[in-house]
Structure formats: structure tokens, C-alpha cells
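Here the protein sequences come in this chain order: C and X.
When we follow my numbering, the leftmost residue of the first sequence carries the number 36, and every step to the right adds one.
When we follow my numbering, the leftmost residue of the second sequence carries the number 36, and every step to the right adds one.
For the record, the hints were derived by calculation from the structure and aren't laboratory data.
Mixed in with the good hints, there may be bad ones.
You can't tell identical chains apart in this list, so a pair holds if it fits in one copy or across any two.
Said to hold, decoys possible - The calculated BS3-like cross-link candidates involving lysine-lysine, where the alpha carbons are at most 30 Å apart (straight line), are:
1) Lys155 - Lys112
2) Lys155 - Lys231
3) Lys231 - Lys447
4) Lys228 - Lys447
5) Lys231 - Lys204
6) Lys231 - Lys415
7) Lys155 - Lys228
8) Lys96 - Lys112
9) Lys447 - Lys96
10) Lys204 - Lys447
11) Lys415 - Lys112
12) Lys112 - Lys89
13) Lys418 - Lys96
14) Lys415 - Lys155
15) Lys112 - Lys295
16) Lys89 - Lys447
17) Lys295 - Lys418
18) Lys155 - Lys447
19) Lys204 - Lys228
20) Lys112 - Lys204
21) Lys295 - Lys447
22) Lys418 - Lys112
As the structure is a prediction and not an experimental result, all values here were calculated from the model.
Protein chains: 2
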Amino acid sequence: MPPVQNARGTRDLLPAAMHARLAVIGTVREVFARYGFEPLETPAFERIETLMGKYGDEGEKLVFRILERGEGGREGKADLALRYDLTVPLARVIAQNPALPMPFKRYQIQPVWRADRPQKGRFREFYQCDADIVGVNSRVADAECLAVVHDALSRLGFPAFQIKLNHRKLLSAIVAAAGAAEFEGSVLTAIDKLDKVAWEAAFAPLAENGPGEVALTRLRAILSQPHDLEAVAAAVGDGAQAPAEELRAVLAHAAALGAKNVVFDATLARGLGYYTGPVFEAVITDGGVGSVAGGGRYDGLVGMFSGRSVPAVGVSLGLERLLVVMEERGMLVTGGTRTRALVTRFSADLDPQALGLAAELRAAGLDVETWLGEPGALGKQFKYADSRGVPFAIVLGPDEAAAGLVALKDLKTGEQRRMTRGELVEALRG
Amino acid sequence: MPPVQNARGTRDLLPAAMHARLAVIGTVREVFARYGFEPLETPAFERIETLMGKYGDEGEKLVFRILERGEGGREGKADLALRYDLTVPLARVIAQNPALPMPFKRYQIQPVWRADRPQKGRFREFYQCDADIVGVNSRVADAECLAVVHDALSRLGFPAFQIKLNHRKLLSAIVAAAGAAEFEGSVLTAIDKLDKVAWEAAFAPLAENGPGEVALTRLRAILSQPHDLEAVAAAVGDGAQAPAEELRAVLAHAAALGAKNVVFDATLARGLGYYTGPVFEAVITDGGVGSVAGGGRYDGLVGMFSGRSVPAVGVSLGLERLLVVMEERGMLVTGGTRTRALVTRFSADLDPQALGLAAELRAAGLDVETWLGEPGALGKQFKYADSRGVPFAIVLGPDEAAAGLVALKDLKTGEQRRMTRGELVEALRG
């Protein structure tokens, strides 16, 4: 028999991992719903022409393509491809549903697939967790995305995080004011590195073919107070006024919405080309955790299929990264089960009473499991429950049955005590 | 610009559909958890050799195959395939995780993909919703599957349903007792039709090449009381004793677990070959709805990758079918949103108060949306909220702000009244 394996770069989510994931997804879903974002799901695969030409040459290589059924497939033709992100499907949905009321606020929590080289913690199937506001160009909408990130990270239990905010057009104005407009792409790439490396290291790649020393000195002067919006705007001059005014509005609205840990950061670049307005990124500030959420305004992308410009702003929570960090920090509910108790089976003739007790507890809203091996041999049953992480076992033997009682055993302490069924429900709820 | 379409046989799940689906999945998940089933998810695709040879020639044609990345893909080679069901992945997980404590009770709610001819209500991507108990051969386990179906259909709100129960080995004994053993396959296919057509129509295909009139007359006599287990067992004789005894135990355990609408049905065949013990199927009894759930014991399948026999029993809920039926019957929560209120924006200078109010309501656990168009023009804001199905709008104008009050407008009745923020929270919770 050949060895059995899951596909390369994929993993099974066994119960312990699933409990943590369902809890985190549930929290994020609640936060999205708090703001009026509505759930959306799109199919796992799209027509291949829907995805091709959207992700650049490098991205395109990572798209999983599906063979045609029948003749075409035998000739190696592909007509479908697995979802690579959740943004292109959103753009398709918007184009196909012109009657959707705008703004359309949707969230989407689904896996995407990329044929990336698998690495520790990087998989070929992973969940994305996006919320976007489509159809309005509003600073309140931008601020809501920041507030959503704030609420999500707070409710997940992170005590210390910051949401960095910048503006794509302010970045352009900064680069232009320094006299480096024709090198914008490479300059922004360098600026984006400033949170990790020193100025010299970040700009070293530009020594050969870059804007030259005069422009870089001007740039460094403008960015000398990267968290002071007014100082940066003053240093840049006219070109900064419009984006700075937008950022002031986003900051004010975000504060009103309760997201008070938003900081302006002139060195936040967050990708190139894609964004058209405010951009942001959330970082956990205690410990060397990188970005766990990000987003911004991108007014060109959602209209790609309809040929019109559709304003859009969105946030993407790094679900897989959050799960890894929360696991490392012990922030996830541990124990692999939500089952509260194992209803043991003392003997076959008492099965009707044991099963009836299980049904009664379930009707009271408790999650209980029934022993499914042979009845008797309680030690084995306790051991099984403990190995499953189930905290309690319930015994209904002939003595208990005669007295109209049940015995509850705490599998951690070993303590066992008799009680009525009503007391049992209370004890298990505790 | 070419027309934009989703892939053939797939659909987008827009918010209204998603709310219904999330509610139904939530209920089913709760029921599974009540019995100690644990969540599991497996990757969307498997190595192609994992899936091939498992579904027969007809099934194999429906498997979506994924091109290799790089050179092999250019030559049309496929190395991966999309999940066709949730049972083969379960069998792989069991083989790959020999340390899983047994019984392993898992549920799995994920889409599967089949390149079937798309039809009304039949899609190429659809959710399966399976719960299986692996590793024990127990009548209590079989009964739990019936109880899970009972609880799920009850909690989803179906007032009238029946769970039909039979036994694969009793069926074989029936056919053998009639003297038709060598035609078992085609006889079972005919028996399985008896819930839809008359005896003559069901057995017409066997006129040419079948067990002959004597055997068929004997068969009809045995099946003359299809819901009376004792009568059928007596008519069959010795061969029926073991499976009949198992069915008596399943019926008794199911009743103890509270599943009281289980009926023996000697004509339930439910597929061929796959099952090895008790089989069952749930039907909604008011109206012409077919099967909405089914399952049974299949002791040969889960061990397919490990080469050992692993007992297993499982239930599959027809999620897509349930959603269609519930939609038709108005059993689903209507209204496309869970958003309770739109916080309108009266003017830009009152934005901080409006956004602060929204934040306050969210902190109180209420789902509220903020108007994201230009502030002012309340009529337009009310209209938008109403078009979204949001029941209330909240107005915070200069008068309300001065009085420390807010106005709540019921968008159905048009009634508007002023209240304190505390009263507002209560009114929205109502």
C-alpha cells in the first residue's frame, strides 16, 4: 500500500486546531457584523479568464488551474482556476449584480489557494478574512476599517497594538517634494523598509540608479518626524494639503469610533500601485510580531470588470498569522473539546437510563458524550474521557439508579460525589 | 469588455442566502457538538491518487483535476484533485493519525466539487455536512446517528418527519430467503424504488433477466408488512436473527436518546455495497420532499488507506436540500441583514457625536451601521436603510444633541420618538 499523504503545502485541521479557529473566526465575524458588514461567499474556482492578468506574472504562476472535463482535459486544457484572493471575486460579484444597494459592505472569510513554495507556517491553502466597503468615497468608511481592526484585535485579547496610517497620495507628494518623482517606485520600496532597517541599509539598493544624494537628503529631512502629520505636511508644502486633510478626517473619525491607538506613519508604504488613498497596517507592539492586519482605499480595482471606477476601501485580517501568534502566547482556548462530560455506561441493563440521562443533559443545552465501547469497566471509560480532554464523567450505577441520583466525577481531581439530576445540570454548567 | 460570469454550475452566496446558511450551519454544528462530535476540516484538494479508484468510473469522471505547476502542467499533467466527498478525506486522516483516540467522532461541514451536469438546484460546488463515529462497532453509536438527525430536524423547525431504518444484512437475508440471492443487486435496486412506485413498476426491469416469478412472489410476501420488524424477521427465518437483533437494539437506544420517530422499513435499501450494517434515511413527511439526511454503518471504507478494517457509522445531512425546502416553506429568517439600525448623519459638525453613538451601541452588543454617504438629507438615509432591510434609523440632530437625547425611527411604521441613550439600547434590543 503506497504511503498516504495530504497534498504538499496543505494540512488537516484536527479538532484542537478547529476549536481555536472557529472561536477566532466567530469573534471576527461578530466584529464585522457590528459594523453592518454582510457575509458573502464565492465559489472556490472561477473561469480562468477571470483570474488571469490580475496578479502580475509572478502571481499568475501561483494560480492553481483546473483541467477541462472531457476532451479538452485530455489535451491538457484548463478552463477554471482556484480563487487566489477574495478581491477579484468581489469585483466580479459587483459587476454581475448591478442592483446591489451601495454602499455594499461585505465580509468574506474563505480559503484561497496559491502554489507558493511551502515553508514553516506558510501553506498553499489558507484563509483570508476581508471586509470591504464598496461604492462610497468617504473618510468615515476609511475610519470604520481602522475601528474594525481595533475592535477585532481588542476582542481577540491583544493588550498592545498600533494601527499605522498613511496616505498613498501623501507618499507621492513626499517623494515629489524631495525631487525624486521619477524614482517613486524604488524610493517607496526603500521607505517601506524603514520600520525594519536603518536608513542607510534601506536606501543602499538605490545608490547605483536612484534619485541622487541631494534628493535623498531632502527626503530624509521630510521624514525626520515620521509620526508628526503636521510637520511632514509643512515640509512637503502644497502637494500634501489634500491628503493631509483626508488623514486628519480619518484620524478624527477613527477616534470618535473608539479606535484611539491609530498613529500616523509617513514611512508606511504598504505595496505599490494598488492603493489610491489612505493605507493602514496593524502591528502587535509587544514582541517581534509583524503586521497582522492591513488595508486601505483602492478605487481602481473593484470596477475592473465593469469598466467604471468604483470607490472601495477594505481591511484584511491575517487570520493564519493571528492564530499562530495567539497559539504561541497561550491566548487560545486550550483543551481539544467543548464536551463537558462523558456519560459512562455501567451495564447493558442500565443503558436506557444512561442514554436517557444523556438526552436530558443535551436538552438542557449541555454538550455530553456517551461511552461507545462495551459497558462496564469504568476505569477505561474515565481514561478515555480524560484523554479527550473531557473534564467530567457521570456514573449511573445500580445504587445511584435506586436512589434516583447520579455520581459526578471530576477527572482532574478524582473527586466523585452523588447528586440529583438538577444539581448535575448546575454543576456541569458551572 | 467580455461578459463577466461565475464558473458554470457555481453560484455566489449573497448576504441574504448567507444569513440563512450560517444560521442552519450553526444549528447543525450545535447539534453535532451536543453529542461530542468534534470539528474537522481537510484541504480542498488531495493528491490525485488519493481520490482515484474510490468512486467508480462514473464518479471518477466527475472529479475536478488540477494541473501540475511548472513543466508538468504545460504538458497537461494533473497531480491534484478537488475533494469529491468528505469520507475519503476522513479515511486518509484516520490513516495518517494513528494516535487519534478511538472512537474518533468528527463532524465536517465543507464544500465538495463534482463536475456533474448543472441543473436547477444542483450545483458543481455544494456543502456536505457529515458526522461519523470511527473505531467502534456499537449499536449505541448507530442510535446516536439517528438521534442527531432527529435533533437537527427538530431544531431546524420541521414539525413532521420520519427516520426510516433498515439493515444491509437483513436485506441480504430477505433476498436470499426469497431465493433471489444471485440477483441481489438488481432486486435491491427494485426494492429501493418501492417508496415511489408500485411493486409492478419497480420490478418491471427484472422481467427479462431476474429471479423469476416464484422468487418474486416469495419476496413480496416477506415484504408485505415492511414496517413490522418481527413479521419480516419471522418470514425470513434464521438469516434474519442477527440483523434483527441489532435493529431492535438500535431502535431501543434511539428511543432512549429521544429519537422517537424512527420506523423500521424493510424496503429501505440506500445504495449498494457501501454499507455493512444498519442504514437509515430521514424524510419530511408533509409534502413531497424526498430524503434530507441519511447514513449507516460502513465498516470497510475508513480503513481503505491503512489496510485494516475500521468500523464506522455516519450521518450526512443534506444541507443544500434542507436550505431549499426551508426557503420554500418560509422557515428561514428573512430580511437580508442582522443590522438593527442605521445611525444617520445629520451634518458634518455632528459627526463626532453620531460616530460616538454608533461606537456606544456596538459596545453594548448591537449591530449598527453608520450612513457613509454625505451627511444631511435624512430621507435618502432612511430609504437606504429600508432597502437594506434595516428596521430602525437613529437621528442625532442639533435639537437632540442639545437635549442629550436621540430619536429612533421605526422604518416600517414611520413612527419616530425621542429617548435617552439608555432607552435606545433597550429599544434596539427588544
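Tested hints:
Taking the shortest Cα distances, Lys155 and Lys112 sit within 30 Å of each other only across copies (27 Å), while inside one copy they are farther apart (33 Å). In the homo-oligomer, the alpha carbons of Lys155 and Lys231 lie at most 30 Å apart inside one protomer (21 Å), although the nearest pairing across protomers, at 55 Å, exceeds that limit. With identical chains, the CA atoms of Lys231 and Lys447 are never at most 30 Å apart, being 46 Å at best within one copy and 55 Å at best between copies. In this assembly of identical chains, the alpha carbons of Lys228 and Lys447 never lie at most 30 Å apart, being 50 Å within a copy and 54 Å across copies at closest.
Proximity of Lys231 and Lys204 under a CA criterion of 30 Å is satisfied intra-copy only: 23 Å inside one chain copy versus 68 Å between copies. For the homomeric pair Lys231 and Lys415, neither the shortest alpha-carbon distance inside one copy (55 Å) nor that between copies (47 Å) is at most 30 Å. Only within a single protomer do Lys155 and Lys228 lie at most 30 Å apart by alpha-carbon distance; the minimum there is 23 Å, versus 53 Å between protomers. For the identical chains of this complex, Lys96 and Lys112 are neighbours both inside a copy (16 Å) and across copies (16 Å), given an alpha-carbon limit of 30 Å.
When the C-alpha separation of Lys447 and Lys96 is checked against a cutoff of 30 Å, the pair qualifies neither within a copy, at 52 Å, nor between copies, at 52 Å. When the C-alpha separation of Lys204 and Lys447 is checked against a cutoff of 30 Å, the pair qualifies neither within a copy, at 60 Å, nor between copies, at 44 Å. In this homomeric assembly, Lys415 and Lys112 never come within 30 Å of each other (Cα to Cα): the closest approach is 56 Å inside a single copy and 50 Å across copies. For the identical chains of this complex, Lys112 and Lys89 are neighbours both inside a copy (20 Å) and across copies (25 Å), given an alpha-carbon limit of 30 Å.
For the homomeric pair Lys418 and Lys96, neither the shortest alpha-carbon distance inside one copy (50 Å) nor that between copies (46 Å) is at most 30 Å. In this assembly of identical chains, the alpha carbons of Lys415 and Lys155 never lie at most 30 Å apart, being 38 Å within a copy and 51 Å across copies at closest. For the homomeric pair Lys112 and Lys295, neither the shortest alpha-carbon distance inside one copy (53 Å) nor that between copies (54 Å) is at most 30 Å. In this assembly of identical chains, Lys89 and Lys447 lie within 30 Å of each other by CA distance neither inside one copy nor across copies; the values are 55 Å within and 44 Å between.
In the homo-oligomer, the alpha carbons of Lys295 and Lys418 never lie at most 30 Å apart, since the shortest distance is 50 Å inside one protomer and 32 Å across protomers. Taking identical chains as interchangeable, the C-alpha atoms of Lys155 and Lys447 are never at most 30 Å apart, the minima being 35 Å within one chain and 54 Å between chains. For the homomeric pair Lys204 and Lys228, the shortest alpha-carbon distance inside one copy (19 Å) is at most 30 Å, but the shortest distance between copies (69 Å) is not. In this assembly of identical chains, Lys112 and Lys204 lie within 30 Å of each other by CA distance neither inside one copy nor across copies; the values are 43 Å within and 46 Å between.
Taking the shortest Cα distances, Lys295 and Lys447 never come within 30 Å of each other, neither inside one copy (43 Å) nor across copies (36 Å). In this homomeric assembly, Lys418 and Lys112 never come within 30 Å of each other (Cα to Cα): the closest approach is 55 Å inside a single copy and 49 Å across copies.
Consistency note: the structure conflicts with the earlier hints numbered 3, 4, 6, 9, 10, 11, 13, 14, 15, 16, 17, 18, 20, 21, 22.
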